[in-house]
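Undergrad: Single-letter residue listing:
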Amino acid sequence: MLNVSLKELSAALAQKKISSAELTQLFLDRTSRLNGALNAFITVEAEKSLAQARVADERIAKDDAKPLTGIPVAHKDIFITKGWRTTCGSKMLSNFVSPYDAHVIERFNEAGAVILGKTNMDEFAMGSSSETSFYGPVKNPWDRAYVPGGSSGGSAAAVAARMTPAATGTDTGGSIRQPAALSGVSGLKPTYGLVSRYGMIAFASSLDQGGPMAKSAEDLALLLNVMAGFDARDSTSVERATEDYRRELDRPLAGLRVGVPREHFGEGLAAEVGRAVEAALSELEKLGAKRVPVVLPNSGLSVPAYYVIAPAEASSNLSRFDGVRYGHRAKEYRDLADMYFRTRAEGFGAEVRRRILIGTYVLSHGYYDAYYLKAQKIRRLIADDFVAAFKQCDVIVGPTAPTVAFKIGAKAADPVQMYLNDIYTIPANLAGLPAMSIPCGFGAGNLPVGLHIVGNYFAEAKMLNVAHQYQKATDWHKRAPAGIHL
Amino acid sequence: MNWEIVIGLETHAQLSTASKMFSGGSTAFGAPPNTQANAVDIALPGVLPVANRGAVERAIRFGLAVGGERVINRRSVFARKNYFYPDLPKGYQISQYELPIVKGGEIRILTKGGEKAIRLTRAHLEEDAGKSLHEAFQDMSGIDLNRAGVPLLEIVSEPDMRSAEEAVAYAKALHALVRWIDICDGNMQEGSFRCDANVSVRRPGAPLGTRTEIKNLNSFRFLERAIGFEVKRQIEILEDGGKIVQETRLYDPDKDETRSMRTKEEAHDYRYFPDPDLLPLEVSEEWISKIKESMWPLQEQVMARFLAKSYEEYAAWEDKIDMWVNEAANQVVYGLSEQDAKELSSDLDRARYFQRTVELVGVQHAKLCANWILGDLAAALNKAGKDIPQSPVSPEQLGALIKRVVDGTISGKIAKELFDTMWTEPKPFVPQEDYPNPVRYPRRQESDIPPNLALLMSLQGVDEIIEKRGLKQISDAEEIEKIVDQVLAANAKQAEDYRAGKEKAFNSLVGQVMKATQGKANPAQVNEILKRKLAH
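Protein chains in written order, with the working numbering: chain Z, 1 to 486; chain F, 1 to 536.
No wet-lab data here; the hints were simulated from the structure.
Built from N, CA and C at the ideal position, the CB exists for glycine as well.
Heads up, a few of these hints could be off.
[To be verified] To list a few chain Z residues with every Cβ distance to chain F over 10 Å, as calculated:
no.	residue
1	G136
2	K290
3	R334
4	L363
[Unchecked claim] The following label-pair restraints were derived from C-beta to C-beta distances:
no.	chain 1	residue 1	chain 2	residue 2	range
5	F	R53	Z	D250	37 to 47 Å
6	Z	K472	F	T35	52 to 62 Å
7	Z	R144	F	E282	47 to 57 Å
8	F	E282	Z	K377	19 to 29 Å
[To be verified] Using 25 Å as the maximum straight-line C-alpha spacing, the simulated BS3-like pairs for lysine-lysine come out as follows:
no.	chain 1	residue 1	chain 2	residue 2
9	F	K502	Z	K377
10	Z	K391	Z	K290
11	Z	K286	Z	K391
12	F	K81	Z	K374
13	F	K342	F	K116
14	F	K502	F	K515
The following block holds chain Z by itself, in its conformation from the complex (with noise of 0.2 Å):
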């Protein structure tokens, strides 16, 4: 039951081969033991999440099961969860009980998922590695000294540990599909407004998007059927006709046209990365895919740009975190200045306190047209050089990262290098467009290495039948941690 499809499970569950609550306790076992050593989770809380299970299980007896009614799912810290401490892997939040459910957790609860618990994550999703969370750094399955990724670093090494038969992630510049690549799993950031922000705590609202992460792109589809959907609460939230992310699996690949940029495979990509991207290429073109070469002139601006950009949001949105309503606030202050210096000093660890200082100064007077303005029109070119690519081709293949997972501290002193990492994720954020990773081989190590696959706006089902495809006809995904007894 570890080790399964999504579709199985739920046969597992209508079948009665096994209880919601069951399945669950099964789950909460797994992470009660492998917790201490990966520190994927923040939050667990069995008592809540059985009593769900056993919702879950009434549902199912009467018939009036969906699909992922009985299931666990773990969801990222960052989902605002109804009764559930939602922290955000800050100290800020970490007294923070929330008496309302994010959209996405209203549509996972709606579904009768089961609540596994909240995952860990860098702190206000700033990050690549999942370290800077106050709750201490996520390890990656594959061997503990090295970093999961992240921001969605819990969520990823959860599924990869089989702690969890689904996550959910956010990703504003690569923080679900980084953390995949480098977890072995695979994770999908829709298009721009197709999944509410309502509830999904802010780091930079015009690039953060919620998705899942899963072990199968099929698994994907069927969560991102759950939380994809209008709501008038997020007014990004784009209003358009539901669809079944499943349709379009089977389709082959004959004729699909695989874009391949040439700026993905330049300085600083892995070799051994770039091997195991060439492979998956060539699986492709077996499957019948075209290889395209495209160009996306700009993408070296992308990091530049997106380090003014969410910044510049961060520090606005991470305002409200201020000690005065709610959250961490400092035991002594001398006034009301003195409060708000305190409060924030303690409560915002580096990281978030460096991108709150680099969005300040940005939107500064005088500096907010040499940065601010200038980054939005660099985004703009971004996109175009989508629009272009994508007149050529049906999706855009490459790395997801440039490297397979580096060690816990490795870059823990040299942000730049840290958010070097992003490079060929971020473009898509910056350009709303929908992107995914799957695992497609491993390097040294025996780390996993992730394959990019990024689409037109709303092409979330063709990139979903590209990646199922592809994984019909290989296995890494089905791959499991070594060390990780099942």
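Take the given structure of chain Z and dock chain F to it, following the hints.
TA: Chain F in isolation, oriented as in the chain Z frame:
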């Protein structure tokens, strides 16, 4: 040498929506602290803003009133104004910065020198902050977030005013306008309408002097006094060879002075940037024309209509003429006195009530309708301490009543009794859909049945009372003659007196006839018959 005073005003008008600018929270005033603040208003993690369509519509109405379609930006952008304060839950205020919803327009005021147009720079939508309560707590401050997120329209004028009197005239004209177009209740005590004044002085012809900004003036009197004080202060400094410091000042009404709040150096860098949580605000042509159609003509136009003595006098406003279907067809006019026209157009609700009544009775009887509304209705409302929208007698009912006077069914005297009955025994004669908010009396469409239906129902109601109480006027000449004969037979002495030249005796005879008919005899007929009989 003399000084020229230069004043510009920034006015915050609270928009009269039931819910907040970016959340579904209630805007009701006076509730216990923090009971009108929802998850969005208190800025819980993860919440998002959604713009209030009603607030946007009100801003558009304002734009249409001050400059027409051309001053409405079809695309405007919400921006974040970032600063920390405990009553600002998000740490930023959502406002509009580079692209406001209204750009330009003007407000006309009357000055000693005649009419003057004060140009508007812009008007933009924003949300209010909460309130800090410093008095009630020892060594602590309380925060009330009921106000947080309340929709405001900030209206910024050009520095076109040259005296405190002009500034007050502008503020008053603006106040009357926002109430007339029904976007703000104008309640200054509750802070629904408040002004900041930018004041500077200069030698005539010189470039603009350094200005100071006086914050939060919530009455016309304070506005006038604060400007007066500030102008005097600035002139004294300059005449002593000093320099004005650009700063924000606060007016203290108790001491009647302004004092420094913060200087330019202490001013915040608000780090404005477009709010990524909100899409640019797109206003379609269709929406604008829909709003335009639903709007009443402006106050001065309505007054001009009420005053007009000939159809041509107001035929000039062709775009609005279709509102007044009856008159256009019949070419009849209201022709009210200046006093009546002024009073009836002093308040939108009253004007609407009048307009509706006239619509039902007929424009030729406008004067009679005016008399009723400014007379009996106003007195009854005043006595009951009610405003016209709360009148127990609807315009349809009053219209029905007047119609029965006009067609001779009841006498004017009986009508007053009938009015009292309707006032004390209000009946739901009028279908409620005739009172949709905020436009309470919708513009009449020729195809609309409801106004006639409402009248019909009201007429039935009135007729029922007339019937039940036997109030119907006796206009049957034979019947009146019979009663006159009886009265004359019983009062031979008075008849004699009258014939002998005592005019007073006539009135006494009329009184007797009315008494015999319980006031229901048609007075004109009684007079005529009595005169005829006495002439013999």
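Undergrad: Now, for every hint given, state plainly whether the structure supports it.
TA: Consistency of the hints with the structure:
1. G136: holds (21 Å)
2. K290: It holds; K290/Z is separated from chain F by about 38 Å at its closest Cβ, greater than 10 Å.
3. R334: holds (12 Å)
4. L363: L363/Z not clear of chain F: closest Cβ-Cβ about 4 Å, inside 10 Å.
5. R53/F to D250/Z: 37 to 47 Å: At 44 Å between Cβs, range holds.
6. K472/Z to T35/F: 52 to 62 Å: holds (58 Å)
7. R144/Z to E282/F: 47 to 57 Å: holds (52 Å)
8. E282/F to K377/Z: 19 to 29 Å: Given range 19 to 29 Å: holds, Cβ gap about 22 Å.
9. K502/F to K377/Z: violated (99 Å)
10. K391/Z to K290/Z: OK: K391/Z and K290/Z at ~14 Å, within 25 Å.
11. K286/Z to K391/Z: Holds - the C-alpha atoms of K391/Z and K286/Z are around 23 Å apart, at most 25 Å.
12. K81/F to K374/Z: holds (20 Å)
13. K342/F to K116/F: Status holds; Cα separation ~21 Å.
14. K502/F to K515/F: holds (21 Å)
In the structure shown, a violation is registered for the earlier hints numbered 4 and 9, in ascending order.
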